[in-house]
Each structure stands twice: as C-alpha cells, then as structure tokens.
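Student: Sequence:
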Amino acid sequence: MPVETEHRAAPMGPLMSAAYVLLAALAMAYGWGYRGTVGHEYGAMVPGALLGMMLCLGSGRLDWQRRAAVVGLFAAVGWAWGGSMSYMEQTFYVLSDSYPDVLYGFAVLFFIGGLWAGCGGALLGLGLTESRSELASLTRVFIVVCLLYFAAFLDLLLVPAHRDAYITFTVKHMHNGDWLSATLTLVASALYWIARPQDRNASALFLWGAVAWWVGYGVLTQLGGLRLGPLHRSESWGGVVGILVVFLIYLIRKKNRAALMLSLYGCVGGGLAFVLAVYIHNALMLRWGPVADMQLVIPAWRTAEVTFGFFMGLIMAGGVLRLLRDGIQPPVEDCPRAPLDACAVLVMMIVLPWINFRRHFARLLRSAPPTEANQWLGLSTGGWIVLLGILLTVPAVYLLWRYRRGDRSWAPPTAFGKGAAVVLFLLWGTAAAQLFDGYPTRQAILGHLLLWLPAALATCLLVSFVPTAPCATEPMGAMTSSNDSRWRVGWPFIVCCALMPGVILAVAGTSVFLQEKSAGERGRLRFGPKAYWRQTERLQGTWNVVGIAAALDSSDLQTDNLPLSRLIFDANRHVNAVTSTGETIDEHRWFLKDQFIWLQWVSKANGHEQAAEIPLQFQKQRLYIAWPPRLQNQGFLILERAQPSGA
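Here the sequence shown stands for residues 162 to 808, numbered as in our numbering.
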C-alpha cells in the first residue's frame, strides 16, 4: 500500500479531465481513419503512436511528458499486432436481414476489437510504468526483429520469384496469415537471446510471443478449422490470441497490475468500440428514418473507422485517467534518456512515414497518365520521389544523431515542446500525405474532411494544454506503485463484462429492426443455404458454356459462335477461361463483394489492361454471367457444371 504523506499530485479538475480524454479520443479517431487508407500493421501503428503521445503530453506530469515519444513507440507497437487481422468483411454480416448473421457479425467484431486493444493497452501500460532500462532492453530486441523484417522485405521486393512463391504459399497453405513475420520474430529473438544474455528477459517476451502466434493459429485455424472471414482474407486472429495471452501472463508475472488493468480495459473497450462504430455505420448505410432521404453522400466506411478510433481512444484514456487520479508512481529513470528517446523519434518521424507514405505515392503513380512515368535525367517519377525522401531523411537523421550526443540547441527547450513537435509532425504529415491518394472527387473530399476535423480539434486541444506545460512537475509524496492492488479492475469491470453479451444481442436486434430488409443484396450471410461459403464451394470447379440467353428467364439459347467453351474457378480465386479455339487465358479472378460473387474480367484495349467486374448469379443448376464483360448489355452467358470424367 502507498505510504501516506501530506504531499500528493494535484488531480485534474472535471473540465481538464474531459479535455484530456477528448484529446486522446480525437487523436485516435484521426489515426484510425488514416489507418484505413494504408491498412496492415504499419498503418495501425499511427493511431497507437498518436494516442500514447497525446496521453503523455496532456497529463500535466513532467515524467510522462519526458517519455512521450517512448510511450508513443510502445503504443504503436501494441496496436500494430491487430493490423494483421481482417475485420471489414465482418461488417457485411450486419447488413443482412438475418438475425443469426447480424449477431455473428457483431460478436466477431467485438472479439477482434478486444484482441486489438488488449494488445495495445498492454504495451501502452508498459510504456507508462516500466523502468527506462526495461523499455530500452525491449527496444533493442525490437530493432533486431525489424532489421530482419527489412531484409525480408528487400528480398521480396527485389526477387520477384521469391515474392510470387511467398504469396502463393501464404494464400494456399497459411490462410493468408502473417506467418512470415511470426517466423522472423522467432528466429531473431532466439538468436538475440543467445547472443546477448543481459537482454534475455526482453528476448524471451518476443520469443514466447512468436511461439504463441504459431500455437494459436495452428490449433484454432490449421487444426481446428475455425475461420472468421472469406477465403481471401487473413486468418491471423488465432495468432493474435496467443500473443495477447503471452502479454497477460507477462504482466501477471511482473505484477504490473496497472498495465494489466489497461490491457483488460482494452479487451472490453476495444470490442465495444468496434460494435458501436459498426452499428452507427449500419444506420448510415441503410438510410432509415431521419437519414432516409439525405442527399449528401456520406463516406460511411470512413465514418465507421473514425468512430472506431474515437470510442477506443475514449475508453483507453479513461483507464489512463484513473492512473493519474489515483497517483500512479513515476516510472524509474535508471539509464540515460537520449538513446531511447532518439530511437523513438526516429520511428515516429522517419520510419513510419517511409513505410506508410510509399502506399500513397504508389497509388498516385498508378493513377498518373503513362507519360508521367517517363524518365528525366535518368530517373523516373518514382525515382525522384524516393530521392526527395532521402534528401529529407538525411538531415533528420543527422539532427537525431546530434541530439543523442548531447546537442539540444536545435530542439524545443521543454519536454512538452519536444513531444508536441513529434506528435504534430506525425499527425499533419500523414494528413498531407493522404492527399496524394487520388483525384479529389466530392466523395474523396468528404472523406478527407472526416480526417481533418478530428485532427484539427485534437491540435486545438493540445494547444490548450500549452499554458499548463510550465506547471508540469514530477509527482512527489504518496504515490501508488504499478503493482499495487489498487489497480485491480474490480467489480464494475466484471459487471461490464457480464453485460456485454446482452449489449451485443440488443445491438444486433435493433440493427435488424432498423433495416426492415432495406439492406437488400448488400448483406452477407454466414448461415443457411445462401451462405457465402456454400456459394464459393459451389462455384469452384469447371463450368461448360452451353449458350447465351437474352434474359435470366429466357429459354431460347444461342449456341453458335460462343466466345468461350468453359471457365475453371479454383480455391485461390483464379479463373482460367478456355476459348472456343482451345486457348487458355489465366488473367481473370473471382472475389466476394457484398452478398455476390463477382468475376473480374481482364481484357486489353489500345495496349492497356482494362478490368470489368461482373456479378455471378446461380439459377437452379446453372451459372449466369452478364455478357459481354465491359458492356453487360447483350444477355447472359450460361454455364453448367462439368461432370467428372467417368461419371
């Protein structure tokens, strides 16, 4: 128990507490909306980094403000784990008018959101409470793992045969999961454990996390056959279950009840955030009641992602506010600050932009006219962009090197100023880069506004904390250590957990009630004869072309001069088209969108590839494809399943 004295850190007042929680929620709302434009693990690091840094800067505590970038780094890594999971596909279930399917969709979203924020909360808590030497040890292992990741990335980038083999193996045998990252982490941490005994505790966390990924994925998906999404989506969720279990065991063994509390809050709060955000998204998509006749085209999915982040940030900030109010003990600063600070800033200001910005510029180059790719002075447009990035990176690295060696003359003088410079660079740098995603249509501008609004509000709130920065002090007097029993989640949390099934049931029920079947063919079914997985199983195999009909219900078939003789659909979404002359074309693909299976038909016109998307329709024992692919106005190509040889 804490030793009581007459000195104690002054708690925030109600207004400052509300501003603090709102600051974190808005920062993560922007970050999650941005994550939706780049995706994957590295995109998910941005909201985690923004959340961690904002929580430190607005805390009014000098000890936390000094490690704002470090906490941002750990929160970024914590939220990165969930980036390997697919959750967008689950949102299609809640658009159906079938209660079991809607309930399944919301339940899976709660599960995925809980995994995501549970891992994030664990590392956020470590960053706020662990000693600097412990964090430095974990960071050294992280750097080694990332270097091996980078080597693998270069190999896949520069050797197309390796990249093709990796993609094929991942899709065919590993459920499109993140097995390579888990394997590289396992190898790197094991070698580091052998090579550097003084960091073995940190290496063991990475090592056991990688082992747990394989155990979770192997038992639940490979052996158990449990799948949450369609064939082409990642099934890494089982691995993330294993990682979360390792984090919880690690925190329990270290008796870090404060970080454990944040992780458990994340498990419930992250799941609830996903459910509420998709519920709001569902209402916008269905155009019911007051929004039924709305003329403004709302970017519903961008709205959902911003709402994801807002609710998740709100709940995580509430947990951190509890740490502040109950006087969490300052973390031990038992080694020099500069090396770890410089490493964290390097990740925030250089590594994350390099990784994520390349996606924006890649989209820009793909959408540019062919003449824009012409070389100038020996470099293509892409080459000039890379050169510009290098020219901007070199002085930034040089400044960080000088900072590490003790030169602070170029940096803001206060801890708040240093942290604010980093967080605002990441916030508005990513906002500016996102503008390069494509031509600014009306829909795109609305999507940008949904990002800029929380970014601008978060910036204004951060600026409102500037007058408090000179008053920031290190807490003194009676404080509560991170292993104190005060940080147990308690009965209120248990009651919330008990209420969650009822909340999900109620949300699913009201969602179906609001729809009144207005979702139509946009919803996806998991259960029943029209379930998507039954349709995909039915599709796979060889289908012979028997004719062309003017309409779906027409019995008159044109059987002469047919453009194709058969189509072959495989489990990896490849489609082989065999022409009437026997030529095989393997450039086409099938995919799921809404409740339909679609055929992506690739053709060439004027030397350029053009793709058309055609919905496939089953009628009794036949498959109907609107024809021709680009116009889809001359009837339907009718196919029947080929009988196995010898049948």
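Certain hints may be false.
As the list claims (entries may be wrong) - Simulated crosslink set (DMTMM-like; lysine to aspartate or glutamate; CA at most 25 Å straight-line): (1) K333 / E250; (2) K416 / D316; (3) K333 / D360; (4) K754 / D598; (5) K416 / E635; (6) K415 / D316; (7) K416 / E494; (8) K416 / D495; (9) K691 / D598; (10) K416 / E295; (11) K691 / D721; (12) K691 / D714; (13) K781 / E295; (14) K691 / E774; (15) K333 / D714; (16) K333 / E635; (17) K781 / D731; (18) K415 / E494; (19) K754 / E295; (20) K333 / D224; (21) K416 / D325; (22) K333 / D717.
None of these hints come from the bench; they were simulated from the model.
Student: If a hint holds in the structure, say so; if it does not, say that too.
Tutor: Consistency of the hints with the structure:
Of the supplied pair hints, the one linking K333 and E250 holds, its CA atoms being roughly 20 Å apart against a limit of 25 Å. With a C-alpha separation of about 41 Å, the suggested pair K416 and D316 falls outside the 25 Å cut-off, and the hint is violated. Straight-line distance between C-alpha atoms of K333 and D360 comes to about 37 Å, which puts the hinted pair past the 25 Å bound. Of the supplied pair hints, the one linking K754 and D598 holds, its CA atoms being roughly 22 Å apart against a limit of 25 Å.
A hinted pair counts as satisfied when its Cα atoms are at most 25 Å apart, and K416 with E635 qualifies at roughly 24 Å. Proposed proximity of K415 and D316 is contradicted: the alpha carbons are some 38 Å apart, above 25 Å. Restraint check for K416 and E494: the C-alpha separation of about 19 Å stays at or below 25 Å, so the hint holds. This hinted pair checks out: K416 and D495 have alpha carbons roughly 19 Å apart, not beyond 25 Å.
As the CA atoms of K691 and D598 are separated by approximately 36 Å, the hinted pair breaks the 25 Å bound. The hinted pair formed by K416 and E295 meets the criterion: a straight-line CA distance of about 14 Å does not exceed 25 Å. At most 25 Å may separate the alpha-carbon atoms for a hinted pair to count; K691 and D721 exceed this at roughly 33 Å. Restraint check for K691 and D714: the C-alpha separation of about 20 Å stays at or below 25 Å, so the hint holds.
Distance check on the hinted pair: K781 and E295 sit about 64 Å apart at the alpha-carbon level, beyond 25 Å; violated. For the proposed pair K691 and E774, the alpha carbon gap of about 21 Å is at most 25 Å, so the pair holds. For the hint linking K333 to D714, the alpha-carbon distance of about 38 Å lies beyond 25 Å, and the restraint is violated. Taking the CA atoms of K333 and E635, the gap is about 55 Å. The hint is violated against a cut of 25 Å.
Straight-line distance between C-alpha atoms of K781 and D731 comes to about 21 Å, which keeps the hinted pair within the 25 Å bound. Straight-line distance between C-alpha atoms of K415 and E494 comes to about 18 Å, which keeps the hinted pair within the 25 Å bound. For the given pair, K754 sits about 47 Å from E295 by alpha-carbon distance, which is inconsistent with the 25 Å threshold. Simply put, K333 and D224 have alpha-carbon atoms about 50 Å apart, too far for the 25 Å limit, and the pair is violated.
Taken as a hint, the K416 and D325 pair is broken in the structure, with Cα atoms around 46 Å apart against an allowance of 25 Å. With a CA separation close to 40 Å, the supplied pair K333 and D717 exceeds the 25 Å bound.
Hints 2, 3, 6, 9, 11, 13, 15, 16, 19, 20, 21, 22 from the earlier list are contradicted by this structure; the remaining hints agree with it.
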